[in-house]
Amino acid sequence: MTDRDLAVRVAEGDADAFDELMRRHEDRVFAICLRMLGDRQAALDATQDTWLTVFRKADRFSGASAFTTWLHRVTVNTCYDHLRKRKRRRTDPLPEGFDPDDPGAEGGFASVELRPDVESALLRLPDDFRAAVVLVDLQDLSLHDAAEALGVPTGTVKSRLFRGRRLLAKELRNLREGSEHQKDEHA
Amino acid sequence: MHRHDEDRIAALAEGHLPVEEAAAFEAEVASCPTCTEILSDFRLAIDALSGLPEPRLTDLERAGLHRQVRRHITLTKRPRWVRLVPAFAAAAALVAVFGVASMLQNQGGETFQPIGARLEQADTTATAAAPTTTAAASMGAPAAPEMATDQAMPAITQDELPEFVATLRAQEKSVDRNDVSCLSLVEGRSLIAAESVLLGGRPVEILVIDEEALVVDPTSCDVLISVRP
Ligand SMILES: [Zn+2]
Chain A
0 MTDRDLAVRV AEGDADAFDE LMRRHEDRVF AICLRMLGDR QAALDATQDT
50 WLTVFRKADR FSGASAFTTW LHRVTVNTCY DHLRKRKRRR TDPLPEGFDP
100 DDPGAEGGFA SVELRPDVES ALLRLPDDFR AAVVLVDLQD LSLHDAAEAL
150 GVPTGTVKSR LFRGRRLLAK ELRNLREGSE HQKDEHA
Chain B
0 MHRHDEDRIA ALAEGHLPVE EAAAFEAEVA SCPTCTEILS DFRLAIDALS
50 GLPEPRLTDL ERAGLHRQVR RHITLTKRPR WVRLVPAFAA AAALVAVFGV
100 ASMLQNQGGE TFQPIGARLE QADTTATAAA PTTTAAASMG APAAPEMATD
150 QAMPAITQDE LPEFVATLRA QEKSVDRNDV SCLSLVEGRS LIAAESVLLG
200 GRPVEILVID EEALVVDPTS CDVLISVRP
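Quick mapping for you: the protein sequence lines, in order, are chains A and B.
Sequential numbering of the first sequence, starting at 0, is according to numbering that gives the first Met the number 0.
Sequential numbering of the second sequence, starting at 0, is according to numbering that gives the first Met the number 0.
Derived from the structure by calculation, the hints contain no laboratory data.
Incorrect hints may appear among the rest.
As the list claims (entries may be wrong) - Facing chain B, a subset of chain A residues (Cβ under 10 Å, in silico):
#1 21
#2 118
#3 158
#4 161
What the hints assert, rightly or not - Using C-beta positions, here's what the derived DEER-type ranges look like:
#5 A/169 x B/30: 20 to 30 Å
#6 A/76 x B/189: 14 to 24 Å
#7 A/179 x B/228: 26 to 36 Å
#8 A/155 x B/220: 37 to 47 Å
#9 A/72 x B/209: 29 to 39 Å
Glycine residues also receive a C-beta, built at the ideal position from the N, C-alpha and C atoms.
Whenever a hint applies, use it, and build me the whole structure from the sequences.
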């Protein structure tokens, strides 16, 4: 059965169809959420919210585009919601020693993932750039599909992707130089 | 006149140019500092990203996710109100304890309508006396409110309420504002958490806001209880 068939059944309230759709795509959703949000607990929350939205709004999936395109859209929007919420929270007084610019400050990712420098750099990108980079360079979406998922023109995605890559490269160089510098100091 | 062709540089960095074209273009890029810098940035970024491991849910996370999602989704065919009738007595006891007069303002059907009742009524002519709406029908409706059931909604007692609120507050579980029935009560304040629960058998919505938490009737949006630490 295709994703589309399953989605139609989910809209009719078919729980088994929903389970199957989730099994097929939950890792993909989690991957996007983790790359967008940077820590596993937040990514799990966003993954859960994404699937609840899929269940509730399955009837709004028109079938005009691929199910995965719609799923990506729901996922990215959920991540944006979580990011907005996080920013709102950070306008509250911060505990001492908390560096709001440190994307790892919320904890949880550095200890779990490899290559923390790439992840830190990714998290330092503006959200819109990061979304384009995650969808195209990590999830291998075409510019066209990424544009549909983000709800912006293809040219906009391309421009965000290119600027995102360049910023990422600069962040990586900065991070690597920083850690070289630290090593020198300790030597 | 040389143009810094980002599209073509991207294609080169992504390895999408045919071999011969790639070699010729790379030489052209090398003659322009700007293009060289763009290519170097693109390559560094693409290389770094391709080295990232594909994140996967651990078995534990996967099981937790399935459990949580299932908890929030009703898979039952029975309309919820059927189980809510016995809750009447418990809710009346609540009123006695807290003296919330407004709770009984709409005494009768409306006060004790389940969260999804408005929707069910809009969809069908189902009344409390003759339920015809199946869970499946209401699930398909647009913007369906939280589709909770007994399994889905935590059932708590009054005694447990303060601790439950504290847990909600600590979790900072993300709130989908679309799922909050009484959003107007929160206006201008930061909503920290929201959860639908059966409180003494009665379906209520708990809104954790700033210093206080409101226990509200999800249908009338009457505030039944205000919980302060
Ligand atoms: Zn150039």
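Would you say the C-beta atoms of residue 179 of chain A and residue 228 of chain B sit inside 26 to 36 Å of each other? With Cβ atoms ~49 Å apart, the hint is violated.
Hint residue 21 of chain A vs chain B: min CB-CB distance below 10 Å? holds, 7 Å
Range hint 29 to 39 Å (beta carbons of residue 72 of chain A and residue 209 of chain B) holds or violated: holds, 33 Å
Go through the hint on residue 158 of chain A and say holds or violated, using the shortest Cβ distance to chain B against 10 Å. Hint holds; residue 158 of chain A Cβ to chain B Cβ min 9 Å, cut 10 Å.
Using the Cβ atoms, figure out if residue 169 of chain A sits within 20 to 30 Å of residue 30 of chain B. Given about 23 Å between the Cβ atoms, the range holds.
Do the beta carbons of residue 155 of chain A and residue 220 of chain B sit within 37 to 47 Å of each other? At 40 Å between Cβs, range holds.
A closest beta-carbon separation below 10 Å is what the hint needs, so does residue 118 of chain A meet it against chain B? Interface hint status for residue 118 of chain A: holds (7 Å vs cutoff 10 Å).
So the hint says 14 to 24 Å: do the beta-carbon atoms of residue 76 of chain A and residue 189 of chain B match that? Hint holds: Cβ distance 20 Å, inside 14 to 24 Å.
Status of the hint placing residue 161 of chain A at chain B (closest C-beta pair under 10 Å): Where the cut-off is 10 Å and the nearest Cβ of chain B is about 6 Å from residue 161 of chain A, the hint holds.
Comparing the model with each numbered hint stated earlier shows that hint 7 is the single one that does not hold.
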